[in-house]
Structures are given as structure tokens and as C-alpha cells.
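Trainee: The chain contents come next:
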Amino acid sequence: MISTVPRNFVIVSGTGEGYTPLNAFDAALGTSGIGDLNLVKVSSIVPPHCTRIEPQAIAPGTLIAIAYAAKTSTLHGEVIAAAVAVGLPEDETRAGVIMEYSALGHKQEVEEIVITMAQKALESRGLKIRSIESRAIEVKVEHDAVAAFAGVVLI
Amino acid sequence: MISTVPRNFVIVSGTGEGYTPLNAFDAALGTSGIGDLNLVKVSSIVPPHCTRIEPQAIAPGTLIAIAYAAKTSTLHGEVIAAAVAVGLPEDETRAGVIMEYSALGHKQEVEEIVITMAQKALESRGLKIRSIESRAIEVKVEHDAVAAFAGVVLI
Amino acid sequence: MISTVPRNFVIVSGTGEGYTPLNAFDAALGTSGIGDLNLVKVSSIVPPHCTRIEPQAIAPGTLIAIAYAAKTSTLHGEVIAAAVAVGLPEDETRAGVIMEYSALGHKQEVEEIVITMAQKALESRGLKIRSIESRAIEVKVEHDAVAAFAGVVLI
Chain A
1 MISTVPRNFV
11 IVSGTGEGYT
21 PLNAFDAALG
31 TSGIGDLNLV
41 KVSSIVPPHC
51 TRIEPQAIAP
61 GTLIAIAYAA
71 KTSTLHGEVI
81 AAAVAVGLPE
91 DETRAGVIME
101 YSALGHKQEV
111 EEIVITMAQK
121 ALESRGLKIR
131 SIESRAIEVK
141 VEHDAVAAFA
151 GVVLI
Chain B
1 MISTVPRNFV
11 IVSGTGEGYT
21 PLNAFDAALG
31 TSGIGDLNLV
41 KVSSIVPPHC
51 TRIEPQAIAP
61 GTLIAIAYAA
71 KTSTLHGEVI
81 AAAVAVGLPE
91 DETRAGVIME
101 YSALGHKQEV
111 EEIVITMAQK
121 ALESRGLKIR
131 SIESRAIEVK
141 VEHDAVAAFA
151 GVVLI
Chain C
1 MISTVPRNFV
11 IVSGTGEGYT
21 PLNAFDAALG
31 TSGIGDLNLV
41 KVSSIVPPHC
51 TRIEPQAIAP
61 GTLIAIAYAA
71 KTSTLHGEVI
81 AAAVAVGLPE
91 DETRAGVIME
101 YSALGHKQEV
111 EEIVITMAQK
121 ALESRGLKIR
131 SIESRAIEVK
141 VEHDAVAAFA
151 GVVLI
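Chains as they are written, first to last, in the working numbering: chain A, 1 to 155; chain B, 1 to 155; chain C, 1 to 155.
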């Protein structure tokens, strides 16, 4: 096991543009407030009793676990969106789920889909839904490469 | 360094179906017995003296290291398969390897390939083979998105 | 948080060939000197006061954080390259960045691009550049699958 169980989560999102898709991704992390952290991608569980907190200062370079959706594009005029949803069950002794989705298109569609994904992930576990929190963001390609990013940091 | 060296490994596999490929992947993790863990993907070494154990209860939401193969499909009628192989060397002071493979097709072919991959990975290190353990699984797309998953949890 | 903040980094690179793309990747890790470690991919920050060191012995199977670029190919005659750049700011209290790039083509182009990526990533943070260190490598497909790999291990 890598670590103890996360106790808090933070929902973040942002968009960015840059020289390459990776630069755009890096810029989107910056606008998300996590640009100077080392992200370790996880799939993607909210432990029991893990509660949402607001973004907080974390030392630069810290390795943090994060579930995220990201999409990049270099095609002028294209709109891309990324979204995450956190689904928590009524039974607080059970784990919740994080779902991620990104696609060509607008934030409304992408957010609807990611919310449905979280609902279905809880239902497939036989759990009643206490809450679904979601976050979506979109960006249109204007000049450079762009990225849309939405994530759930597990702390 | 993120952690100490893993001391045990567990081989898991499962299939699932769902609303999206990610829901199917999530369901496949559930049937694999690791649906409520936070998976951190690693590539993919069995440390010396790291031994296989049977699946055991791990607290929901725990971050765990895992090497895995996964494939998803939404094409009605398609068969997909995922497989892992753990290759251990005769010399117990040396590390073993984990190989992952997934593809369209049936578990027999995929398992043969992943076993050969593990053999060749040990041979390319100049190691004699003590054992190869493998696990493969397949699933046919019927209604929703489906996923095939095979993994080696490093604990 | 998974860990404390990394204090040192090591730049590595290598190429390999093998039965499948994953075997080639595994062989490239071997020539990079990290073939027996469990790699956890991160994106991709150099913490303040994190300094470069030479490769050192790490116990086999250890989980390590690494930012990397990798490309594989099976097309006879194709040349592929992978590169990383570490960009450090003049202000030593601020984090640096790691950029990764891989593509069809030769190491010269790929290295130029990754250096520009690191420059732009620092500029987009409003930071003056103290140094950019880069590493690139290329390989031509001859018989089997091949892989080019360049990475920055965070210790």
C-alpha cells in the first residue's frame, strides 16, 4: 500500500493554452490552482468519511493523488470540455465514487453525462445516493493548443 | 521514493458492463474485488522475496499500487480480453516482472501472448525462469459498454 | 498526500527492443538503469531546492515517482525519439518544471521541441529561466518492436 486513506477531497478545474498540448495542460493545471504539484493519477474512490474542503496551500512539488479528466485540442474553432462528479452514498460507512469525462463539445452535455456516470456507479454498487457534486469546464481553440481540465484531489 | 518495497502481490481479474467505458471499467474492478480502492498504476516489477497471497480485505479508498491490463469496447458482438503474467526468476535475490496485455479476441490467445512476454522479459535480463503465473479473462459486448480487467496488486 | 516532497532528481534515458511494445519499453527501462523499479508516472514538477544527482542504486521493486516520455513502434525503418527537459527558475524558492515529448523523428528535433516546451512553461508562470537541462534519445526499428524512453526520476 502506498499510503493511508485520504481524508479530504478538493474539486478543481481550469483551462489553459500553450505551445503544445502538454503546455496547455500545464497551463490548465495552473488555472486550476494545482500547477506546481506532482500529480499521481488514481482511479477513483472517495473513502468513507472523506469530506470536501476548499482548496488550500500545498507545498510546491508535493506528490498528490488526483482523479481527473483532461482533454486537449489544436484544431482552431473546436470546443472541448472536461468534467468530474463525486457521488456519495447515503450509507456513510461505504465508499463514494469519482467519475471523469471529457469530450469534444460543451460543458452542459459533458456535465450531464458525468453526473449520470456517478449515479450509475453508485447504483451498480447497490447504494442509495446521498449527493452528487460535479464540476465542468469548456474552452474553445483560438490560437495555440488548449486544454480543459477537471479533477478531484485526494488529500 | 514513494514508499517502501512491496512485500506481497495479489492477482485479480474481472469483467463488467455499464453506461460508459469508465462505468464498465469500474464494474470490472468491482468483480475483481478491488472496486472500492484507489488504484495507482505502476510498471511493473515484483521485488525479490515478494510473495503471492490471496485477496484480502483492504480499507475502502486506500491508495494501492497495481500493474494492470484493461480493455473496453462498445461495439455489439465484439470480444475483448485482458491478461497479466507474473514471471519470477530462479535467483530469488533478483526481481521478477509483471507483463500486461489486452486486445480484441479471446482469452486463450491473450494469455499465451502475455506468458511469452513474461518469459522474454526474464530472458532479456539474463535470468532463468522459476515460474510464470498468469490470469486472463474475456467478455463479449452484449448491451452496454464492457470492460475486461486483469491486474497484479502490489501490497 | 502520498509522500513528502522529492529532494533530488535523476535524468535517465534508453532504448530497447523486444517481442511486443511493452517488452521493448521494459528493455528501454533496463538500458536507462531503472529496469527493476516500479514506476509511478507523475506530471511533473521539480520542487524548490530539489537538486540533480547522478543515478544511484535503488532497491529492486521500489515504487518511484517519475516523469517520462516514451514512444514505441513496430514499423520497420521508422525512427522514434523521446526527450525530457528540466527547467529551473532563477528564483530558487519557486518550483521548476519537467516537460516530456516523444514523436516520430530524430532526437535533434524532439530535443529542440522539449527545450522550448520547458522555456514556455517557465515563462507562462512569469519566471525567469536559470537553466534548462535536457536529454533525448532515438532508435530505428530494425527487427522487433522498439522503444525510446527519457525520464526524470524524483527521489
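Please note: incorrect hints may appear among the correct ones.
One copy or any two copies: either way a pair holds, since identical chains are not told apart in the list.
As the list claims (entries may be wrong) - Straight-line distance between alpha carbons at most 27 Å, and here's what the computed DSS-like set of lysine-lysine pairs gives:
| id | residue 1 | residue 2 |
| --- | --- | --- |
| 1 | K140 | K120 |
| 2 | K140 | K128 |
| 3 | K107 | K140 |
Calculated directly from the structure, the hints in this document are not laboratory data. A quick note: this is a predicted structure, and the numbers were derived from the prediction, not measured.
Trainee: None of the hints should be skipped; say for each whether it holds.
Mentor: Hint check results:
no.	hint	in the structure
1	K140 with K120	between (30 Å within a copy, 21 Å between copies)
2	K140 with K128	neither (37 Å within a copy, 29 Å between copies)
3	K107 with K140	within (11 Å within a copy, 32 Å between copies)
This entry does not satisfy hint 2, going by the numbered hints stated previously; all others are met.
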